[in-house]
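*Asks:* As a plain string of letters, each chain reads:
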Amino acid sequence: MKFIHSSDLHLGKPFGRFPEDVRVRLRQARADVLPRLASLARSHAASHVLLAGDTFDQMTPAPSVIRQALNMMRAADHVTWVLMPGNHDHANATELWRQVAQDAPANVALQLTPEPFALNAQATLLPAPPAERHPGRDLTDWYNSAATAETLRIGLAHGSVTDFDSSEEGASSVIAPDRARRAGLHYLGLGDWHGQLQIGPVTWYSGAPEADGFKHAQTPSALLVEIAGKTAPARVTSLPTGTINWQRVTLDLAGDDNRNTAHEAVLPPLPERALTLFDLIVTGRAGPLDRVALEQEIAKVTPDFLWHRADLGELGLVHDTADLDAIDQQGALRAAAEALAQEAADNSLSPVARATAQSALSHLFSFALEA
Amino acid sequence: MKLLALHLTNVRKFTGKRASITGIGSGITVVSEANEFGKSTFFDAIHALFFEKYSSSAKPVKSLQPYAGGAVEVAADVQTDQGAFRVEKRFLSRKSAKITRLSDGATVAQDDEAERWISALLGTANDGPAGLLWVRQGLVGLEPDSAKEKTQLKETRRDLLSSVAGEIDAMTGGRRMDRVMRRVADNLSEITTRTGRKAGAWKAASDEVVALETELASVTTQVQTLEKALNDRKQSEASLKRLDNADAKARRDEAFTAAKAAMEEARAHVGAVTGARQKRDLAELKATSAQSELDAILKAIDTLQAAEKQAKTSSAAADDAMLEAHSLKAALEAVQILHKRETEAVSETRKQLDVVRRQIVARKSQEEAAQLKRQITKAETVLGERDAARAITKASGATPDWLRRAEAAQGEVSKLNAVVEAQATTLSMTYDGAARVTRNGAIVPAGQPLALDGETFLDLPGIGRMTIHAQAAGEEGKTRLATGESALKDILSHAGAASLQEARRLATTRVEAETKADLAQAVLDTLAPNGIAALRTAKADADLAATGAHNEELPAIADLEAHLMQAEETEEGTQRRLNGTDAEYASSRETTVKLQAAADTAEHTLERANADAGPEDTRAHRRAERLRIQAQEQGALAKTEADLQAMIAAAPDPDTVAAELKRAEDTVTAARQERVQVGERLAALSSEIRTLAGNGIEEHRDELEGQLEAAGATEARFARQAAALTRLQAALDTERDAARDTYFGPVQEELKPLLSILHRDAVLSFDSESLLPTGLMRDQAEETLEDLSGGTKEQIAILTRLAFARLFARQGRHMPIILDDALVYSDDDRIIKMFTALTRVAQDQQILVFSCRQLAFQDLGGARPTVEIAEV
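Chains as they are written, first to last, in the numbering used here: chain A, 1 to 371; chain B, 1001 to 1872.
Source of the hints: derived by calculation from the structure; they are not laboratory data. Please read these numbers as outputs of a predicted model, since none were measured by experiment. You may find that some hints are simply not true.
Claimed, not checked - Examples of chain A residues toward chain B, derived with CB under 8 Å:
(1) P14
(2) L340
(3) S348
(4) P351
(5) L364
Ideal placement from N, C-alpha and C gives every residue a C-beta, glycine not left out.
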């Protein structure tokens, strides 16, 4: 038995906080996942693609999202697509699943109820579809007593595992981590956690095939699962699937760092940048001149990226007499700079007031240097 | 430097003359002269002496030359640290400059060297101090008109302030600060308005947030609607499933059929109960009828017995009443006879009393008629007297008026007679001896004037006769006298009088007659106020009333009256007894009638009861038969009632049966209707869900949430940027202001005590560019210098110069302050305060004041040198 295990495609996710062009690119990347999975199935001779929930991002996605997804599955008719609801598109999303059931091609198998489903003569799937967003109970309990005759027992579930907070949305963890052992499963495919993760010998989170945030560092992948027989261990292989690179990098500057070198070191290679969402968080401390220079460098590389954001809010400002001299050696300008510097370092003030003073000082440095 | 004396030769109006001011003090010196005296000439000349080259032909120099032309010479004696010197210049012709030491007359410097000596005396910027310290006539501002002077003075002030406070650029940041502030303002203006409200990109971000929030709220509502619709549809589908359950439907139908059967059975039982109730009602009617017949015969027998008894009693009572009535009638007739007798006695007594009373009245009228007769007689006598007196009065013409006219005419005659006599010649005699003069034989008395009219003959005894021919009296007098006498005669003749005496007698007689008539009339009015005829009528009435009067003796009227009273009392007592008896008799008769009527009624009742009871021989049999029938019918009624109650007790409750049927029917109907409603609801929900889901509403909401997050972050970034720029702007403003305060500190320090003399707690603000005051802060409000009054402006201009002068002095550069009619706009109160300020500064500062306001400037004190003018 050979199949592809994936989950959390979140088709139709809008990515509203990004600019319009980036949004379009990200939505397209998610839609492209289905042919990519089909291609992997074909290339690895897998008969099924098991999607462990959250195929759709909402309970009522736009008809175009549903139709286009089903059309892609229909086109990949060499493989059987097994769709199980997740917490975003749970089984009680009746309109969605009614629409899918109505339009689904023959190679799509919906798993809306916890009943054994014969994948083929050798393997039986035990789905555990959530009927609501937060079921609050272990939906895989029934596996232990599920009758599957002499076929391979393959579990498919969506949610968080007890003792490991693997919920993307902080829901309570309810799936027993040793469910596969207790239920005599040959493989338990899980969804919900967007990073790829092995929980037990035959228990895996496949992770999302295309990243949708900066949370997980690994390359988005799907899992190729091969089970030679009832006694043979499942062989699991990670197959990269992601196309968009989401990077959140913290650049921590010490006062004496070489600012330029440090910044360059955290940047991805130039060819990758066009498909990279780069979220740079600068922390530590820097002198005013270094800060101005860093801001200029960031402004310079920003167009390289699909999307780039730099947060210098956590970057402390250090300055010495020479820095203040750059503004003025004496007089009102110097006095204003000293007043702001003193205010920025005054712990008796509120953090907001200190931050405002520091920002004002940064502006002063910038304007004074221009002058 | 201090000025000691000034000398002007051939300057303007001092043509060919030398004008000198000597004795200038080290403190305040006031040169107070009238207008056109030449005070401004001194000011301009001093200015030229110290600030114009001796070789200059510039306007300030040319303006000093008089119309007659010639060289202009100006000299000043000054005291410096090196001693006293005379500085003198000759302009326009044979130009020269010269410095002479006064102690020994030695020339210290000449021409260009003299100019350098003056420059060294004034300091590095020899244009400055004068403009800065000296005030021309009518100058209220601090800035001169010409750009050159402005620049010079500004440099002077900058040098002065820099020398005491440091470089202004170094303190305020100078142009670098300006550029930074401009950048801050530019950056801030891109995202805020002048009042700090959002603008530009910040406002756009803020607006976007608001728009997104609004749209998100709307979309969220739609999502909630969708979710609710999905839930509703889920519930509706469950309801439909329940309604379509076959077992439940069969149960509802079975219950409905059973309820209908129960209802039919209940209706049949109700019919049976109705039949039993009709039987019971019939038996009840029969029993009631039997009872009625029994009661009737029993009642008739009882009635008959009672009627017999009543008839007997009534008859006896009627007889008794008849007897009593007869007795009372006899008693009444006896009392009536007695009463008639007593009534007649009273009537007789009253007649006697009436006769006596009428006799008394007749006798009184008789007396009255006699009295009236006497009164009539007297009245008739008085009436005759009155009429006689009135006849005399009427016949006499000697009225009082006539008498007055006669007396007036007599007076006029007497007067005219006196006049005639006065006009005549008179003669009077005085005798010494016994001989007397006679006239016509009569002695002419001594001392009496004798009128002489015409020819008069006097006999003089022993002498002879004297004939006197006197001039006759005036004819006019005589004529008037004759007229008067004729008039008097006419008046007197009117009443038949010959003289005035007779006229008076006649008038008296007439008056007496009038008086007598009046008196008689008064008596007549008393005797017969209504006339004698009325008296006669009264007498006739009295005579008539006295008819029948006689002199026989009459019984005593009091006895008659007592007798009448007693008789009346007796009669009244009998009347009362008569009334009581009459009432008793009437009552008895009424009772008799009533009892008779009752007896008749009882007899009638008895007859009717006899008829009702029927024949007496069958009466017992009929009573027994009716008793039997009544018992029989009562038994039948009890049986039918028992049958009815048994059927009612066995009947089902019709309301319960009907409720059961209704409930079963409603259940079936409700299920059917609910099936239809749920179907319709499902169709509507499905349509709504398809519409909302087809719009990808959740996706749209998530997208909006993301956009809102991004827009919110952008707005927050702008807010932070605005806060930072605002804070930076405030810091720069604060530090620049502080720097300016520091820079202008020295001059402010000098100004403060002077300014407070005029305006308590007032502060001047300075412009760092012009280095001059630009505004006055007082009472927590700042006014620009341009907005101040002319008086305040000139006061501030002078005080500022005083402060600058003190700064010069602090540097060791003592320069005199010269004011040429500088306080022209200030009121008296402010001038006094300005004098105080000047006096305060003058303690270590020379001040020379030119003024035409001689009276006002008396209060300033100080030295008062005179201007000496001498021909050259």
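*Asks:* Next, verify each hint and record whether it holds.
*Replies:* Each hint tested on the structure:
1. For P14 of chain A, the interface hint holds, the least distance from its beta-carbon to any beta-carbon of chain B being 3 Å, beneath 8 Å.
2. Using the Cβ-Cβ criterion of 8 Å, the hint placing L340 of chain A at the interface with chain B is satisfied: the shortest such distance is roughly 5 Å.
3. Hint status for S348 of chain A: violated, given a least beta-carbon distance of 17 Å to chain B, over 8 Å.
4. Proximity of P351 of chain A to chain B is violated relative to the hint, the smallest CB-CB distance being about 12 Å (cut-off 8 Å).
5. The interface hint given for L364 of chain A holds, since its Cβ lies 6 Å from the closest Cβ of chain B, which is under the 8 Å cut-off.
The structure fails hints 3 and 4 (numbered hints given earlier, in ascending order).
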